[in-house]
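**Q** Here is how the chains run, residue by residue.
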Amino acid sequence: MKVAVIGGGIVGSLLAYELSKYDLELILIEKNNDFGQEVTKANSAIIHGGYDDPPGSLRAELCSDGNRKYDILSKELSLPVKRIGSLVVSDDTSDSEKRLEELYRRGIKNGVEGLSILSSDKLQSIEPNLDEKYSKALYCKSAAITEPWMVAVLAAKGAEKNGARLITGDEVVDSISKGRNIKKVVLSSGEEIEVNLVLNAAGVYFNKVARIFGVRTPEIILVKGQYLLLDHLASELVSTIIFPLPSKKGKGKLIVPTIDGGILLGPTSEAIDGFNPEELSTTSKGIKEVADAGEEFIHGIARPKWFIKTFAGLRPETPNKDFYIKLSSEKTNFITVGGMRSPGLTAAPAVADYVIEYLIQEKMGITLVKNDRVRSISPGLRIKELSFEDASKKIEENSSYGRIICQCNQVSEKEIRDAIRDGARTLDDVKFRTRATFGRCQGGFCTWKIMKIISEELNIPLEEVKKNDKGSELLDGKVRK
Amino acid sequence: MKSHETDILVIGGGAAGMAASLSASKQNKHVTLLERENDTGGVLNQCVHNGFGVQFYQEELTGPEFSTRLHGEMSEQNVEVICESYVRNLDVHEKIAEIFSPQGAYTIKAKSVVLATGARERPFGALLIPGERPSGIFPAGLAQRFVNLENHLPGKKAIILGSGDIGLIMARRLHLEGMKVIGVVERLPYAGGLTRNVVQCLDDFEIPLYLSHTIIEVRGSPRLEAVKMVKVDDSLNPIDGTEKWIEVDTLILSAGLIPHVEDFADEGALDHVNKGFIVSNTGETVYSGIFAAGNNVAIYDLVDYVAAEGWIAGKNAALYAEGNLDKTRHLEIRRGKNVNVLVPNKVTTEEHLRIYLRLKEPIDEGKIIINELGIEKEFKYGVPSEMLQLTVNKKKLSELLHDKDNVTVEVIS
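In the order they appear, the protein sequences are chains D and C. The numbering used here puts the first residue of the first sequence at 1, with every later residue one more than the last. The numbering used here puts the first residue of the second sequence at 1, with every later residue one more than the last.
It is worth saying that the hints were derived from the structure and are not from the lab. Treat each hint with caution, since some may be false.
To be verified - Once the Cα atoms are required to be at most 25 angstroms apart in a straight line, the calculated SDA-like pairs of lysine to any residue come out as: (1) D:Lys249 - D:Glu270; (2) D:Lys470 - C:Arg219; (3) D:Lys288 - C:Lys244; (4) D:Lys251 - D:Tyr104; (5) D:Lys305 - C:Met387.
Said to hold, decoys possible - Derived Cβ-Cβ restraints for the label pairs, each shown as a range: (6) C:Lys244 - D:Ser455: 36 to 44 angstroms; (7) D:Pro461 - C:Trp245: 31 to 39 angstroms; (8) C:Glu94 - D:Ser57: 52 to 60 angstroms.
Ideal Cβ placement from N, Cα and C applies to all residues, glycine included.
Given the sequences, and given the hints that come with them, work out the whole structure.
**A** Encoded structure:
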């Protein structure tokens, strides 16, 4: 059987990885240069507990399962996952306490493990810098942080190791069907791929892709979230993920430690007029809101000298606000996995199981046979995470581990070359894979060095090195011929 | 893993670090200098314009000439330079550094340390300018690197945000190399860089300087297409109705330098106005035997000041290593009226006192007053962008300071 997964974000990549454990001919198609570079890369990067999704929704069903599955996946794929726990904090008004208890009960109903309500003393001992007006909290031990784009990169890599074909930098532009049966997927490069089953995991573009196959999907609403990234120094003030009480608009504006030691403040939640997936702009108002929200929890966390970057991400929502994971009624062999709003990242591993076990095997009646090819991915080496002794040994083995290119985040030349040999093509690809230029100087010192390495590795002139998409080259002509 | 011992460990091989290494080695000390690039010189290597060295060498030099000369003098001494090195950790109490370099990982134990880590440019992300996140936005130093050392232009049509010296220099550089330079945008009512640079880099080439203006939005995807410029009022708030979109493919940022201190010190070791290390006039920080000099203490106007302070710090680090730096009393130096940046923060009678200060507000004429030292120094046309400097001989210090508790520096008009 030939299966094409369209979209190499976290959902599509994990779907491809789980499918690669079966006897199939599998292709994963990603239009960008690298995996996880759209919705997947700009969100709060949290593996949620699953206590605030409406019971009975697909979100609730898949969130807590997805959370648990990250333990297995992090072993198989060497994913970066840190279970640092989360707190929903409330003041001592009876209304707030009631809402907190309701959240607790909802969590129990949703099958969330490791939930407890903390008293003021316990709360202060976990987060001593938290404003004293917060006297109670819902603690969720199983909440974790990750690097979502690395989940996508490593899942795609795992799928490839198990025999899948990965296509990057090429997108689906047409399809060929015979009646209700899709026969071929046509790419912008002109390549035609024969298929028996198409899985649409195209993120913000899930509607667009569905239309290419003659499939109708629900209306899509894009919700923008703006973030402010803080210097590593801010992480001394906080150790868990801090949420306000959730509202109708969502989980609210948070303080989130990032896996490499920074702090994120945000997001805002702004529905965008019309469909504009390029609308990733930040606003003064939005950034002020997330900074103020951070200050409300912990005074002194939003210090201007710790501001290093602002950015925005989009979450695709459907009108009923639930995930849209369905077999098409128009075509016999087309499944859409769309509307992956929060907690899409958390649910993604369970979404893959749901699609394979429930939609493909049970509903479509296709029998899939597990193969014995499954291989684990060994962890990529980060010199920063090694002890001095271990790092010393690595440098003796290969001197380019000792040449630190990104001084802010301690990233070596070897790690950057490895990332490029593993598929990174642009400065952003290198940034997200290695964390180089993610730190406090934001690439001021090392951008030119990384560009030179990319130029060497890909054998292209410096002026062809891109920040990300086509047209994002950094340099123009030569000063002297 | 290897372990080394040295007398004086100098971290950073720019002007301050080289001068410190030179003066320390001249006291017959073994000096180990750590440099992260593959050669010493720091930012001087890419500053191909002239104007360096008038005070330190009594001669006008280009950046590379200044750096080469200092390097030449240093290489005649007992200085071991480790290039492409990275300080992973520095124990400021034990004075042990953990180092990575392509040659291996080392620990180096020193008798004293000079931190000469310089500064970094404030990145675009820290300015919180709304809009898209296109390519084509460069900190000025990075653009300078591309043009002067990598032989590449960043684009075709540029605007420069911030009128710091490097922004002014880059306006001229990009103009001369054939880019269209729309102008330099400065939110304050006066330039951030030296007057001589405003004249020689902008006026001489008819490049406009937009004072009391700023950029409030950037647009373009994937490459920069336009920036929104706006006039600001006295409180630096944008004035409605003055917005103007300007089409450019390149935005150069000269939005300030930040002393590089975070990896080596906690908050208590820093001065919150200078944003750099607290130092005495010997260059010693709040940590005994750890000295600092150059742009990690405060952002200086001239490399001559940086080299001179490096020299003093190196000399005193050598005295410390010998056990000959007397633990005399340090008096606090306080900021009085109209004083913003002020170096040093403490004074001992062991060393001459060289005061560097920046005004908070420009004044046509004024006086620097240090009552405790009986000093009144007059000056004309003081602006925050030009440091004021004065020196007090150490003999005079011991006479005047023995019965004082602190010293206040103030400026009156």
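**Q** With reference to the structure, classify each hint as holding or not holding.
**A** Okay, the hints, checked on the actual structure:
A threshold of 25 angstroms between alpha carbons decides the hint, and for Lys249 of chain D with Glu270 of chain D the separation of about 9 angstroms falls inside it, so the pair holds. For the hint pairing Lys470 of chain D with Arg219 of chain C, the CA-to-CA distance comes to about 17 angstroms; that is within 25 angstroms, so the pair holds. Of the pairs offered as hints, the one joining Lys288 of chain D and Lys244 of chain C holds, with about 23 angstroms between alpha carbons and a cut-off of 25 angstroms not exceeded. For the suggested pair Lys251 of chain D and Tyr104 of chain D, the alpha carbons sit about 15 angstroms apart, so the restraint of at most 25 angstroms is met.
Taking the CA atoms of Lys305 of chain D and Met387 of chain C, the gap is near 23 angstroms; set against the 25 angstroms cutoff, the hint holds. Lys244 of chain C and Ser455 of chain D have their C-beta atoms about 37 angstroms apart, which keeps the hinted 36 to 44 angstroms range intact. Separation of Pro461 of chain D from Trp245 of chain C is about 32 angstroms and conforms to the stated range, judged on CB atoms against 31 to 39 angstroms. As the Cβ distance of Glu94 of chain C to Ser57 of chain D is approximately 57 angstroms, the hint placing it in 52 to 60 angstroms holds.
No hint from the list above goes unmet by this structure.
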